[in-house]
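Asks: In UniProt numbering, the protein residues as written are 1 to 282.
I should point out that these hints are in silico values taken from the structure, not numbers from a laboratory. Ideal Cβ positions, reconstructed from N, Cα and C, are used throughout, including at glycine. Some hints here could point you the wrong way.
[What the hints assert, rightly or not] Straight-line Cα separation of at most 27 angstroms, DSS-like style, residue types lysine-lysine; simulated pairs:
no., residue 1, residue 2
1, K2, K270
2, K2, K189
3, K270, K6
4, K29, K60
5, K194, K6
6, K29, K12
7, K270, K12
8, K40, K60
9, K29, K6
10, K64, K40
11, K270, K194
12, K40, K29
13, K12, K60
14, K189, K12
15, K40, K2
16, K189, K9
17, K29, K2
[Unchecked claim] Listed next, with one range per pair, are the computed distances between beta-carbon atoms:
no., residue 1, residue 2, range
18, E263, V13, 41 to 51 angstroms
19, L192, V13, 30 to 40 angstroms
20, L39, G132, 37 to 47 angstroms
21, Q148, W91, 16 to 26 angstroms
22, K175, E263, 17 to 27 angstroms
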Amino acid sequence: MKYIFKLVKSAKVLGSLPHGKSIKCSNEKSLVLAEFDDLKVVARAEGISLLSRQEISIWKQPFKIEGKANEVYISQDRLLLTTFTSDYHAWGFLGPAFLIDLNNGEGIVQIRGENGAALGNGSFIIGLEGYGVFNTWQYDRTGEMTQQWNSYGHYIVDEEYNIRVLERDRVSPTKSGLCRLHASGEVEKGPLLKDSQISQPLVLEDQSVVYIDCGILKVVDVSLEIQGEFFLMEISQEDVWRFSTSVRYVGDYIEVEIYERTEEPPLTYKRYDWQLDLIVVV
């Protein structure tokens, strides 16, 4: 399915700061991490709890962690929790990840990883990059590692649990690409990327992904074929570290933001905005 982008409007704003990712639970007494089936996973000072709609705890006691909760992923009766540490260390603020039994709140296994995704039957993938590590691991409901791939980045998992990865290797020149992870452990490479720290993609209804790579907006289908491109602005591979991007649907249109920071202090920013209509070509 081919796509074309039609520009609706664009703008440039000076002195605008990018929306940075904040560490969750920083000063909040209670933070809802996930909601499902009239239940919610909540982070509190005493730990992680599973509550009913009436705020009744399902577990006998909270699951205690050191540091702060980051993300949760849920698959059947299993929960994968990633965390931040309170203190800075060689891996930044990356904390351990935990596979938890949703029935009783008991920990099954402690693993490591920065971000992940839920698969079927209580299984998950989780990945990590840095210090020679560029891997994704799959764990089953018992906490056993069942597969691994030499790939890491933003995970796109469809309803049939097919896995694609928009890779982020933080290497210059980058070797990243949009890939498919096969059950055999094979990594199938699709379009190569120029940005080694590419931002989160937008997933369309047909499971095609939209992402920004060095100032070019692209649509890539489930077969890893490019089905549309739109030039936004010139960004060289040497300068891409100074730019951060986001792409999302707002109403009927795709909205794109690109933030450009100066090379030297004092740091100032420019923000470039685009509103685009994504049209299917029959």
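Asks: State for each hint whether it applies.
Replies: Hints, one by one, checked against the model:
This hinted pair does not check out: K2 and K270 have alpha carbons roughly 32 angstroms apart, beyond 27 angstroms. Under the criterion of a C-alpha separation no larger than 27 angstroms, the hint pairing K2 with K189 is consistent with the structure, at around 21 angstroms. With a CA separation close to 23 angstroms, the supplied pair K270 and K6 stays within the 27 angstroms bound. The suggested pairing of K29 with K60 holds, with an alpha-carbon distance near 20 angstroms, which does not exceed 27 angstroms.
Taking the CA atoms of K194 and K6, the gap is near 24 angstroms; set against the 27 angstroms cutoff, the hint holds. Proposed proximity of K29 and K12 is contradicted: the alpha carbons are some 38 angstroms apart, above 27 angstroms. The straight-line distance between the Cα atoms of K270 and K12 is roughly 7 angstroms, inside the 27 angstroms bound, and the hint therefore holds. Only pairs whose Cα atoms come within 27 angstroms are accepted, and K40 paired with K60 is accepted, the gap being roughly 15 angstroms.
Simply put, K29 and K6 have alpha-carbon atoms about 45 angstroms apart, too far for the 27 angstroms limit, and the pair is violated. A hinted pair counts as satisfied when its Cα atoms are at most 27 angstroms apart, and K64 with K40 qualifies at roughly 17 angstroms. Of the supplied pair hints, the one linking K270 and K194 holds, its CA atoms being roughly 21 angstroms apart against a limit of 27 angstroms. For the given pair, K40 sits about 15 angstroms from K29 by alpha-carbon distance, which is consistent with the 27 angstroms threshold.
Distance hint between K12 and K60 is unfulfilled; the C-alpha atoms sit about 53 angstroms from each other, more than 27 angstroms. Between K189 and K12 the alpha-carbon distance is near 35 angstroms, which puts this suggested pair outside the 27 angstroms criterion. At roughly 40 angstroms between alpha-carbon atoms, K40 and K2 are farther apart than 27 angstroms, so this suggested pair is violated. Taking the CA atoms of K189 and K9, the gap is about 34 angstroms. The hint is violated against a cut of 27 angstroms.
Distance restraint check for K29 and K2: the Cα-Cα separation of roughly 48 angstroms exceeds the 27 angstroms cut-off, and the hinted pair is therefore not satisfied. Taken as a hint, the range 41 to 51 angstroms is violated for the pair E263 and V13, whose Cβ atoms sit roughly 19 angstroms apart. Between L192 and V13 the Cβ separation comes to about 32 angstroms, which falls inside the hinted range of 30 to 40 angstroms. As the Cβ distance of L39 to G132 is approximately 40 angstroms, the hint placing it in 37 to 47 angstroms holds.
Between Q148 and W91 the C-beta distance comes to about 19 angstroms, which sits within the given range of 16 to 26 angstroms. Between K175 and E263 the Cβ separation comes to about 25 angstroms, which falls inside the hinted range of 17 to 27 angstroms.
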